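S.K.: Under the working numbering, the letters of the sequence shown match residues 60 to 383, in that order.
Keep in mind the hints are simulated off the structure, nothing from the lab. Treat the hints with caution; some may be incorrect.
Computed cross-link-like contacts, DSS-like style, restricted to lysine-lysine with a CA-CA straight-line distance of at most 27 Å [stated by the list, open to error]:
#, residue 1, residue 2
1, K148, K135
2, K116, K63
3, K228, K202
4, K202, K366
5, K162, K190
6, K148, K63
7, K188, K162
8, K357, K378
9, K63, K202
10, K120, K223
11, K305, K274
12, K366, K351
13, K372, K202
14, K305, K223
15, K154, K116
16, K135, K116
17, K274, K190
18, K114, K210
19, K162, K148
20, K135, K210
21, K375, K357
22, K274, K357
23, K154, K202
24, K135, K114
25, K326, K162
26, K378, K366
Nothing here was measured: the structure is a model prediction, and the numbers come from that model.
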Amino acid sequence: MTKKPWQRIDVNLLGDITKKEYCEDANSGNPRNLLEIIQRIHSIEIIISGLDLNKRKEFDKINIKEFGFRERNDVKFDMIPDVFACESKITMIPKTVYYLEDKIILPDPFSKKGEMWLSVMADAFERLKVKAENILHSADNFKNIELYAVKNIQMARRMCYESKVKMEKIQKHGSKEAMFIVYIQNLFIINVLMYMQNMFSNFYSEEVHSKYDLKLELFETMNMGKIMEPEVDYIKKTDNTEKEMKFKWNGQINTLVTYLYDLMNMKIDNEFLLETTNNDVVHLLTNFFVDKNGNPMKESTVSTCLKDGKVEKRVKGKKRIEIK
Numbered sequence: 060m061t062k063k064p065w066q067r068i069d070v071n072l073l074g075d076i077t078k079k080e081y082c083e084d085a086n087s088g089n090p091r092n093l094l095e096i097i098q099r100i101h102s103i104e105i106i107i108s109g110l111d112l113n114k115r116k117e118f119d120k121i122n123i124k125e126f127g128f129r130e131r132n133d134v135k136f137d138m139i140p141d142v143f144a145c146e147s148k149i150t151m152i153p154k155t156v157y158y159l160e161d162k163i164i165l166p167d168p169f170s171k172k173g174e175m176w177l178s179v180m181a182d183a184f185e186r187l188k189v190k191a192e193n194i195l196h197s198a199d200n201f202k203n204i205e206l207y208a209v210k211n212i213q214m215a216r217r218m219c220y221e222s223k224v225k226m227e228k229i230q231k232h233g234s235k236e237a238m239f240i241v242y243i244q245n246l247f248i249i250n251v252l253m254y255m256q257n258m259f260s261n262f263y264s265e266e267v268h269s270k271y272d273l274k275l276e277l278f279e280t281m282n283m284g285k286i287m288e289p290e291v292d293y294i295k296k297t298d299n300t301e302k303e304m305k306f307k308w309n310g311q312i313n314t315l316v317t318y319l320y321d322l323m324n325m326k327i328d329n330e331f332l333l334e335t336t337n338n339d340v341v342h343l344l345t346n347f348f349v350d351k352n353g354n355p356m357k358e359s360t361v362s363t364c365l366k367d368g369k370v371e372k373r374v375k376g377k378k379r380i381e382i383k
């Protein structure tokens with residue numbers, strides 16, 4: 060029986076990708092082109108009853124976002140009848156590569172294969188976002204969305220642990236290229252968890268994790284003496300980039316977030332005072348600010364306060380910083 064979209068664990072794909080050699084031809088070892096890799100990973104098959112079917116009508120019935128496609132033009136449809144089973148197989152094949160839209164600090168690959176894996180992970184992340192947003196828009200009740208959120212966030216948390224263990228093991232016998240692939244897999248899985256926590260914050264009441272803490276745990280597992288060579292200096296650069304600047308905010312966190320929210324929503328001469336996105340503000344505050352106790356700001360706190368509908372989370376009265 061086919062699972063409903065909200066019954067699926069979509070985050071699994073980020074863990075499964077590196078289990079197969081998608082980036083090389085199995086026989087020759089030659090690199091594949093990027094679109095071919097994406098097609099091998101993300102092509103979808105659907106079985107429907109009947110043989111003499113109107114292809115266009117059947118294709119139009121499919122909610123492509125359920126399968127991670129943004130637009131119908133991004134999909135090549137095909138239908139093959141099976142006369143013995145009296146059914147037809149619809150195939151959906153990606154026609155385009157999705158490039159990373161989120162601002163994530165990533166290392167520069169030092170090889171063609173590393174560059175390929177970086178693009179493959181980015182494409183998978185973008186397709187996961189399409190699927191998650193589709194759940195919010197298409198699931199018919201709160202419980203279904205909650206089920207999807209809980210299952211996928213819990214799995215993403217487990218994947219963070221498993222990929223960290225994988226990073227520890229790969230340093231013992233793996234090549235620098237293998238270390239790079241596992242390292243970027245760790246980074247993307249952490250960002251997947253952050254995305255899912257933020258996207259489904261109204262449907263998930265369990266403990267949330269901080270990107271700062273997860274990345275710190277990852278760095279602590281890495282044997283810098285073994286892998287800090289010129290070829291893999293990307294890891295050290297990434298670590299330093301995120302730790303070199305920290306601004307301490309001694310006031311109430313929601314006061315600062317409310318101030319930025321007001322700047323983003325106030326217009327002067329028909330232009331917003333601050334042009335940015337909620338995701339960018341979350342990234343800024345959680346990566347470069349600490350509270351009065353020196354602790355990093357929580358993504359869930361910042362993200363919730365920035366939501367238009369969460370008026371009660373923003374400060375009022377004298378606590379609010381006036382914009383003059």
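S.K.: Evaluate each hint against the coordinates.
M.R.: Hints and how they fare:
A threshold of 27 Å between alpha carbons decides the hint, and for K148 with K135 the separation of about 14 Å falls inside it, so the pair holds. Between K116 and K63 the alpha-carbon distance is near 21 Å, which keeps this suggested pair within the 27 Å criterion. Restraint check for K228 and K202: not satisfied, since their Cα atoms lie roughly 39 Å apart, outside the 27 Å limit. With a C-alpha separation of about 22 Å, the suggested pairing of K202 with K366 holds against the 27 Å cut-off.
Distance check on the hinted pair: K162 and K190 sit about 19 Å apart at the alpha-carbon level, within 27 Å; holds. For the suggested pair K148 and K63, the alpha carbons sit about 18 Å apart, so the restraint of at most 27 Å is met. With a CA separation close to 14 Å, the supplied pair K188 and K162 stays within the 27 Å bound. Restraint check: the Cα-Cα separation between K357 and K378 comes to about 20 Å, which is no more than 27 Å; the hinted pair holds.
Restraint check: the Cα-Cα separation between K63 and K202 comes to about 13 Å, which is no more than 27 Å; the hinted pair holds. Simply put, K120 and K223 have alpha-carbon atoms about 41 Å apart, too far for the 27 Å limit, and the pair is violated. For the given pair, K305 sits about 16 Å from K274 by alpha-carbon distance, which is consistent with the 27 Å threshold. Among the hinted pairs, K366 with K351 is consistent with the structure: their alpha-carbon atoms are about 24 Å apart, no more than 27 Å.
Simply put, K372 and K202 have alpha-carbon atoms about 24 Å apart, close enough for the 27 Å limit, and the pair holds. Restraint check for K305 and K223: the C-alpha separation of about 26 Å stays at or below 27 Å, so the hint holds. Distance hint between K154 and K116 is fulfilled; the C-alpha atoms sit about 20 Å from each other, no more than 27 Å. The hinted pair formed by K135 and K116 meets the criterion: a straight-line CA distance of about 15 Å does not exceed 27 Å.
Under the criterion of a C-alpha separation no larger than 27 Å, the hint pairing K274 with K190 is consistent with the structure, at around 25 Å. For the given pair, K114 sits about 35 Å from K210 by alpha-carbon distance, which is inconsistent with the 27 Å threshold. Distance restraint check for K162 and K148: the Cα-Cα separation of roughly 38 Å exceeds the 27 Å cut-off, and the hinted pair is therefore not satisfied. Taken as a hint, the K135 and K210 pair is broken in the structure, with Cα atoms around 30 Å apart against an allowance of 27 Å.
The straight-line distance between the Cα atoms of K375 and K357 is roughly 21 Å, inside the 27 Å bound, and the hint therefore holds. With a C-alpha separation of about 14 Å, the suggested pairing of K274 with K357 holds against the 27 Å cut-off. Restraint check for K154 and K202: the C-alpha separation of about 34 Å exceeds 27 Å, so the hint is violated. Pair hint K135 plus K114 holds up; C-alpha atoms about 12 Å apart against a cutoff of 27 Å.
Of the pairs offered as hints, the one joining K326 and K162 holds, with about 25 Å between alpha carbons and a cut-off of 27 Å not exceeded. The hinted pair formed by K378 and K366 meets the criterion: a straight-line CA distance of about 19 Å does not exceed 27 Å.
Comparing the model with each numbered hint stated earlier shows that hints 3, 10, 18, 19, 20 and 23 do not hold.
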